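Engineer: Listed here are the chains, written in short residue letters.
Protein chains: 2
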Amino acid sequence: MMAQKQIVLGALDCFAPGFLAQGMWAHPADRTGDFNSLSYWTDYARLLERGLFDMLFLADTIGVYDVYGGSRDPALRLGVQVPINDPFVLIAALAGATSNLGLAATGNLLYEPPYLFARRLSTLDHLTGGRVGWNIVTGILASGARAFGRDLMGHDDRYDFGDEFMEIVYRLWEHSWEDGAVVQDRERPMFTDPDKVHQVAYAGRHLKMSGIHLTAPSPQRTPLLFQAGASGRGKQFAARHAECMFVNGTSRASLSRAVADMHRALAEQGRTPDQVRILAGLTVIVGETRAHARDKQEAFKAAASAEATLVHASGGLGIDLSRYPYDSEIEYSETDANRTLMDNLTRQPDGSRITIRQVAEKMSLSSRNMLIVGDAQTVADEMIAVVAETGIDGFNLARVLMPDSLEDFVRLVVPRLQEKGAYKAAYRSGTLREKLGLGDGARLAANHYGRHAGEEAVASI
Amino acid sequence: MMAQKQIVLGALDCFAPGFLAQGMWAHPADRTGDFNSLSYWTDYARLLERGLFDMLFLADTIGVYDVYGGSRDPALRLGVQVPINDPFVLIAALAGATSNLGLAATGNLLYEPPYLFARRLSTLDHLTGGRVGWNIVTGILASGARAFGRDLMGHDDRYDFGDEFMEIVYRLWEHSWEDGAVVQDRERPMFTDPDKVHQVAYAGRHLKMSGIHLTAPSPQRTPLLFQAGASGRGKQFAARHAECMFVNGTSRASLSRAVADMHRALAEQGRTPDQVRILAGLTVIVGETRAHARDKQEAFKAAASAEATLVHASGGLGIDLSRYPYDSEIEYSETDANRTLMDNLTRQPDGSRITIRQVAEKMSLSSRNMLIVGDAQTVADEMIAVVAETGIDGFNLARVLMPDSLEDFVRLVVPRLQEKGAYKAAYRSGTLREKLGLGDGARLAANHYGRHAGEEAVASI
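Chains A and B, in that order, are what the protein sequence lines are.
Position 458 (the first sequence) corresponds to 458 in this note's numbering; numbering is contiguous.
Just remember that this note's numbering sits 461 ahead of the position in the second sequence, which is counted from 1.
These are calculated hints, taken from the structure and not from any lab test.
Computed from a prediction, not measured in an experiment: that's the story for all the values here.
The C-beta atom is built at its ideal place from N, Cα and C for all residues, glycine as well.
A portion of the hints provided could be inaccurate.
[What the hints assert, rightly or not] Between beta-carbon pairs, the in silico distance windows are:
id, chain 1, residue 1, chain 2, residue 2, range
1, B, GLY615, A, LEU341, 48 to 54 Å
2, B, GLN809, A, GLY204, 51 to 57 Å
3, B, ARG872, A, GLY204, 51 to 57 Å
4, A, TYR332, B, ASN908, 23 to 29 Å
5, B, SER500, A, ASP195, 28 to 34 Å
Bound-form chain A, shown alone:
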């Protein structure tokens, strides 16, 4: 048998009651309401390790989905990613409960002081033995910015700010402490060789700092970097920084386009496709038989909340979907600035339009992710085919019902993928970056932007 591409697999979730399948917390069998307890998450993480998942990936939102109807009340009432806790605290709490699982979370760089953020991530990388990832985001919610007494920066400005933030954290992670700086020589005595520790100084338009990194180099130094930029400026940012990229798409065609886009953007940064892993969001409903899976899907659809789906979609789009007719085709006013985005939302492959109700129904279980429904054989075959055809490297799996969705997947689909040689039979050793075959050993690849960003500036101080 020809050696087959091994599918990379993450579990995508957030530290909140509702994630993508909106309203499922209200399903009688769902445990998501226990999300504040540590045992909920240690059970979750251990299940993922049984299934050899590469990582648990925790999305995060600073702010509330308050665009729909101009009110935060529906998000609160329906549990749409609120309350939402600090995902990096959870990663730390899972360090001791797991030994191979990658632990990645979204960190919004608009609101974090880079000096402390860099230390926090280095500390996490130490305590997890190099299993930490950071999904770089720059925020979309105005309510988030207001929580810091600010207005939300413009889209491209946010990425400019992000560039400055990255310059600082790269210098701290990669260049402040040389390899071998920590000596721990009890005889001399010398804990750290001061000649191998360097001041980092940065003064940009938005950010300014001066200091040494407070933490000695962690196994990966820079945590594994994730990004999901979809705009032009976002793709450029992702192509420079990301080692894992998220793409959304409900069809093979849209995923193929997203992959081709990303590969072009990578080439512009002098990087090759094998230096990143592209993961597509995926929702799976698997049953013992196809009929069983379809029955589950219908039951889930009935349990899901259309209103909560629109609350979530409105926040993501920045468009109040309650302002459009629910059950009839949308007629746009001349001045509707959202027309293009709304067209994207409602246009079907055949050119026809669907209503807001139909949008809600379509997105209710899987949001903007691909949805695969079937028996284990069907699901495994489809996953393998999507990878082969679109050029993605794997999936970020978002559960519908917790923990049933993941238990079913681990029990039914994982063995099929393994039989087909499309999924690992055991974890590889090393850090998260090494397990994914990325980078220069445990460190950023030699040609990664961050590996050398500001190196000369640091050396000259």
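Starting from the known structure of chain A, fit chain B onto it as the hints suggest.
Structural biologist: Chain B in isolation, oriented as in the chain A frame:
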């Protein structure tokens, strides 16, 4: 036997190689060099739970002790609290490894965005089941401020800033979510009752924000609050906010003065001594016999680093002690602004002066803490007598050799304290605040400033 006051006991340490007994990491039996590994800390925390310690308390320093000789090199070379990792990450990692131990850490409010800091602490309180404490500090190192592109604020300004920070976090923790706001009613469905969640808005001289708290109420809501203000403004801040206070003093007389001072400051805030626990820093060297303990002390003294002690003391005082003669009595210039502080450092009870060398020797194992050396009987008796005479409620124990100092204490001293009825035989149930008998159930006491700070402002939005 008359019911005796139960001694409160914390272990005081930091997430770094060196803490107070400077240079001990170089001792052949010391394990502190493993501080980056999770198992080092889970072993540590479990040892403390065997000894029924009330808490592990992690000090923190943002910045480097670079006052001595005007250079950070000695601190790096001698491992004086550098490298230093994020203590809140460690608390999270210890949540699952412990079940009763309080987990407290220093958080410097000058550099943390209050909105995210409040969420982080609430998340920790959830995952630990209400065992989190926060030591409020406002920083002393200019190198810390520079790491954020700022100059260190003046002393009193730092406390004014701190007052604003506290106003925000109290509103988020105490008033944004009413009790019972989280309904989790699957029938309606209603996850959160929006009418019971309130906007927090604050606009001060330094800080501004508007938003709901992102986290639902945690067991303690406000984490247990620690403070160690020693200046006039610092004492006032501590008397308003702190539920546990740290005092330093090498003698019973100085501890008695510190307690009396604190009680006066508390009274000015309308609080009574039973509403706080005052803990004194303590270093214990215990042996099977007194002679054994004294031998240990001599061996530790020989291993400790005088230079590292002065590096640490210089940073704490803000005075470069390398500028004074090492081995002869100090003669001050007319213009020496540090004369008063230096007098405090070198003056003996009999009015004589000691040299910088003697200062270093005196501080090398216990810094500014009380030091007790002896067999278990002596140590236990002395601890009980100090509590009875000075009015403190207990101690924060700083180890010399790790883990030997703590293992010896748990094995030898704890049983003696228990025999004498001066120490608990088992943990009390409940949150950290409840275990210490503070507060209104798990919450801040009804007359605590934070319980009602900004309550009306929040309700009116």
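Engineer: Would you mind marking each hint as holding or not holding in the structure?
Structural biologist: These are the hints, each one checked on the structure:
Separation of GLY615 of chain B from LEU341 of chain A is about 50 Å and conforms to the stated range, judged on CB atoms against 48 to 54 Å. At roughly 52 Å, the beta carbons of GLN809 of chain B and GLY204 of chain A sit within the given window of 51 to 57 Å. Between ARG872 of chain B and GLY204 of chain A the beta carbons are some 55 Å apart, a value that agrees with the proposed interval 51 to 57 Å. Hint check: TYR332 of chain A to ASN908 of chain B, Cβ distance near 59 Å, so the stated range 23 to 29 Å is violated.
Restraint check, SER500 of chain B to ASP195 of chain A: a C-beta distance of roughly 31 Å satisfies the suggested window 28 to 34 Å.
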